[in-house]
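Residue numbers (UniProt numbering), protein chains in the order written: chain A, 1 to 353; chain B, 1 to 353; chain C, 1 to 353; chain D, 1 to 353.
Everything labelled a hint here was simulated from the structure, so no lab data went into it.
Remember, predicted model here, so these are calculated numbers, not experimental data.
Glycine residues also receive a C-beta, built at the ideal position from the N, C-alpha and C atoms.
The calculated lysine-lysine pairs, modelled on DSSO-like cross-linking and capped at a C-alpha distance of 27 angstroms, are:
| # | chain 1 | residue 1 | chain 2 | residue 2 |
| --- | --- | --- | --- | --- |
| 1 | D | K98 | D | K42 |
| 2 | D | K191 | A | K191 |
| 3 | C | K42 | C | K98 |
| 4 | B | K191 | C | K191 |
| 5 | B | K191 | B | K42 |
Label-pair restraints from in silico Cβ distances:
| # | chain 1 | residue 1 | chain 2 | residue 2 | range |
| --- | --- | --- | --- | --- | --- |
| 6 | C | E123 | D | G286 | 28 to 38 angstroms |
| 7 | D | G83 | C | A285 | 20 to 30 angstroms |
| 8 | B | R109 | D | G195 | 54 to 64 angstroms |
| 9 | D | R309 | A | A285 | 53 to 63 angstroms |
| 10 | B | G170 | A | S224 | 31 to 41 angstroms |
| 11 | A | D65 | D | A84 | 40 to 50 angstroms |
| 12 | D | V113 | A | V43 | 34 to 44 angstroms |
Number of protein chains: 4
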Amino acid sequence: MERIPVGLVGVTGYTGMELARLLEGHPRFELVAATSRTECGKVLQDIYPFLRHCRTGLCPVVEPDPAALAQRCELVFLAVPHGAAQEMAAALRGRGVKVVDLSADFRLRDPEVYREWYNQPHEQQHLLEDAVYGLPEMYGHAIAGASLVANPGCYPTAAILGLWPALANGLVSTQGIVIDAKSGASGAGRKAQTGTLFCEVTDTFRAYNLGRHRHTPEIEQELSAVASTPVVVNFSPHLLPINRGILSTIYTMLTPEGLALGADGLRQAYAGHYAGHAFVRVLPAGMLPETRHVRGTMFCDIAVVPDLRTGRLLIVSVIDNLCRGASGQAVANANLMLGLPLDAGLSLAPAMP
Amino acid sequence: MERIPVGLVGVTGYTGMELARLLEGHPRFELVAATSRTECGKVLQDIYPFLRHCRTGLCPVVEPDPAALAQRCELVFLAVPHGAAQEMAAALRGRGVKVVDLSADFRLRDPEVYREWYNQPHEQQHLLEDAVYGLPEMYGHAIAGASLVANPGCYPTAAILGLWPALANGLVSTQGIVIDAKSGASGAGRKAQTGTLFCEVTDTFRAYNLGRHRHTPEIEQELSAVASTPVVVNFSPHLLPINRGILSTIYTMLTPEGLALGADGLRQAYAGHYAGHAFVRVLPAGMLPETRHVRGTMFCDIAVVPDLRTGRLLIVSVIDNLCRGASGQAVANANLMLGLPLDAGLSLAPAMP
Amino acid sequence: MERIPVGLVGVTGYTGMELARLLEGHPRFELVAATSRTECGKVLQDIYPFLRHCRTGLCPVVEPDPAALAQRCELVFLAVPHGAAQEMAAALRGRGVKVVDLSADFRLRDPEVYREWYNQPHEQQHLLEDAVYGLPEMYGHAIAGASLVANPGCYPTAAILGLWPALANGLVSTQGIVIDAKSGASGAGRKAQTGTLFCEVTDTFRAYNLGRHRHTPEIEQELSAVASTPVVVNFSPHLLPINRGILSTIYTMLTPEGLALGADGLRQAYAGHYAGHAFVRVLPAGMLPETRHVRGTMFCDIAVVPDLRTGRLLIVSVIDNLCRGASGQAVANANLMLGLPLDAGLSLAPAMP
Amino acid sequence: MERIPVGLVGVTGYTGMELARLLEGHPRFELVAATSRTECGKVLQDIYPFLRHCRTGLCPVVEPDPAALAQRCELVFLAVPHGAAQEMAAALRGRGVKVVDLSADFRLRDPEVYREWYNQPHEQQHLLEDAVYGLPEMYGHAIAGASLVANPGCYPTAAILGLWPALANGLVSTQGIVIDAKSGASGAGRKAQTGTLFCEVTDTFRAYNLGRHRHTPEIEQELSAVASTPVVVNFSPHLLPINRGILSTIYTMLTPEGLALGADGLRQAYAGHYAGHAFVRVLPAGMLPETRHVRGTMFCDIAVVPDLRTGRLLIVSVIDNLCRGASGQAVANANLMLGLPLDAGLSLAPAMP
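Hey, can you work out the whole structure from these sequences and the hints?
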């Protein structure tokens, strides 16, 4: 079967690396161009020795020229910082190329919210109404028809999947939700900076950006849509000394409806909600998720833990921030946009240990 | 100056190891006996090569015989599992030896609560009323006069120090408190078990014992005393792939009094509360604690972070679970019990990186 | 295409885990039975939650009964300790089932050497002459015709692939070879023991079994065959605080023939030797291998570094101890034994980072 | 007793951090000035929050002005990169201030060797003959009388202490020595660079600079002096995913004299050589060193392991690269230069685990 040519803008970060890994195993996509201003003229295996003897390793590294990309690619993944993605997305879309943008540029529907949290105006507001939020379980149909998909943030992916069934079914209060989230260091990117040196991250643990992380409005936007009422959350990110993985411990108050369901009923509500969505695994009673159990995969593992002493429902959700939280979800969205099965190239067993 | 002979019951675990390290640097204590049923007849450096060429390395390893210990020691540290500590504490105290018990056996004042959470009756209930809860900032005077000190749990130490000023001063609600706590693996002990093997802990993260960890009643007991009203909390422990350290992210609701103080006022309330308590460091605005910043020390670092969007006060508190959360606090208590300055042998700079 | 039923004896260790992962992605094999005395009656996902929503997760866990296995499987992988594999291999082979044994039981051709290094007599010596040493690049043809394959040890795989071209072509002396090897902790197995607890392995490094590791005779057996003369080596294993990966730094003396080739010639000799063997990647000048570059794959990365100051040839070879050094190589051998391409199910891109 | 004022040029790196930690616990030194061009005007606790509530945390951060330093300090530690240390050392020494230089600038006695390995001419050659190589066990007497001490490199410290007794006593050949060394990531410094980011170092392992690391000539200079004949070594550094620690596995050939001693005799030769040097711990038979056993201390642990199969003597030596391999050794040298006991402020028990 003929392969579908795809491109990648921004290959030197961890999401670019992960896209290269996933595209190597994809049955239909062929990575035909990867861009980097500093490395152009090489092939991928020159900058990523782990790709030697891999098909993807021979992909040329080129300048980020939208015209050239449009000539060669049916779809392009944008793995560049927010702000930088806007113009490239517009240029590619203007040339008829489908775009999956891994940055934050098209996730927030309200440009004022973007301006407030990202401290800069949105330069391509006309594209916002076309952009589809790329959470496949939630917006699968719209994604299949989209030409521009805003790939969700890593933290929002874990938080939204964890809270969706409870909020959509009125099982928990929309007030007072706390999302205590912990992420591996690959989420901090591959830029050289002292704060993410090995010796600054290993054998230690810290919170950061309490109350002001930019994924907050993204989480609130989607939860509010699900709950049909404005939802405001406390979202607290922490930095884990691990490569990959996000675990979110979510604290909610059970409503009378939720309380009435009991522990088994609550789990069944979750299981029923995600029936038919094989990437979401609702764990049985007594089992709690671990980040390694989803390593390198699209799985989101969720435990539903009522605490009758306090009337709370605790929800623990886990994803791989690079795969499900970024590049894997981008491939899933590209699959839908190009008429392939959601899980093409993504049926992977977790790498244990 | 003459040295004060002290003993250690249970030397093969991590708290025993840490006591040996701290006693090596202590200006007045001399470790004269350490017990282990499996290793007796040796000296400490035979089982702990890191103690070679250290004074403490020559301490004999003996049978856990209370009579023999009583002959040689003025004070004994008990670093054995809960349950096992009760009889030994009684036997030593009956012989006039002061005891610092690092287990949970004398922390809960109500034996019914002990029975409920530890699934066994308390066998030495008559000792409970004499036992003093060994949090020096809170009970320093009583500790100085005690002959039996119940050394606090690691999680409770971080949680109580983090919440005390807020609850004592009515700055936050006594309802709906969430303590999301993360601990290094030394907290799980040194027993051979699959779940704490290197490959089961490294590069991963998980929650455990949600809603049913045994430190919960201990936290509630002390917070209720501080608040003068029953306090029920959600306490959620997680396992970090690090050696040492606990970070607790604590979520509370500000009262009108708390809100009125504002961010600076809240920090000042904390700083004022801990003035004169050099081991507690209330961080300035914009600074968040990290577990490594207290590594190997008695410091408890606390950040006070109001979130006006949600009306919450977030409190982040950090300790070293082995030093402040166990053996260091035990030495501090022993200092007070024997008339020494609180910080004797404990004025240590954190080991960075 | 019909799937070929295979079995797995011993599923609770890390090699069993890795086999489950690899078989999940295999295009032709179907894992139909996995044995464990302690877990039988379950399906795999009950003991390995990471396999939920995976085909392999539904594989039944059964008693290790050779008759039952023989009825259901064309080939069985043995992932049990040395000693235990002998009888099971004999029983299965007697019933016409092909066997890939991941233990050391059939690697040493001389039963006296086995007795000397493993402190026990070999109980199935009649099988030794049929067993083929399962290093596919070296014995591919014999493996294809074998019914019993002795899967190589992890350290020997890295050492032999690193030294083979040099010794076979007389480029280095057969005397004085030093193999300084470093392995991730999964190589130590999943048995509960204090020495491999997280806190005993993380943030530290140590050598072990210097001069007496059991992989020594296996390395010497194969290198002697390659060199056509007895080769004795210094093999020194070390324990790395990582999950997976072996890196061997090998020190040899260049012969006049080797010296005459020069740096480029030496690399070309290696590249030529491994031409057509896609799993072995000889790195270009200036590039050194890293364990993560082969993570989760069959790749063996080799750097050839002459040191003219000392007349030595340094060889650095790297593999994933669980995949190439155990379960992946077992699948490759099974592929050959059952007429499939060597790389069926094994064309994997390394998981980075 | 009056404190002796000392200064620190270059406080933002890991060796500066470690000096701050060690000076905090020193009974006689007082850190009165620490320099940093980017942070001047602050006090140390502003840039190192772990030093809050520590005496050293209040030390002012100032411009690196030699005149001002000379007014306030009796001795200054230079923790700046090689090259930068030369002029500062000259300027301070010209003002009568004693200097311990932690860079490589005064370690190599031959300026031509410096030029060859560091790719730049030495600008202060007249100081070379006054500089004393700061390995206290070897040059203690000269250090006590020196005004400029060249603090040894981390790798050389471990290698020289490991080989000294064997070479000085003719127990091993001076030919064919291999030093396979592994270091924690703090040895790579605190500069922001991609190669030492957490995700580039954790869960992986690699060799680097094979055959051309700049510590090679330093090792050879001292070993040649000890052996009274030119010694050329293979020195191969590797990067460990740990904070601190160097382990060197050293391969030598036993001479007839060495062979005649036997295993016990060889160990006794080492133990005798280091009798009276409490910081060097020669391990008993069957015990191998670990980096954590010396964490945060001046200890160098050495195991002597003869291999009769190959006629080799293996030596494993371990240090903490930041303490013994840099800042702790600098304090020890300063102690001697100022008439204090070698171990003042350095009698520390290793931090375990």
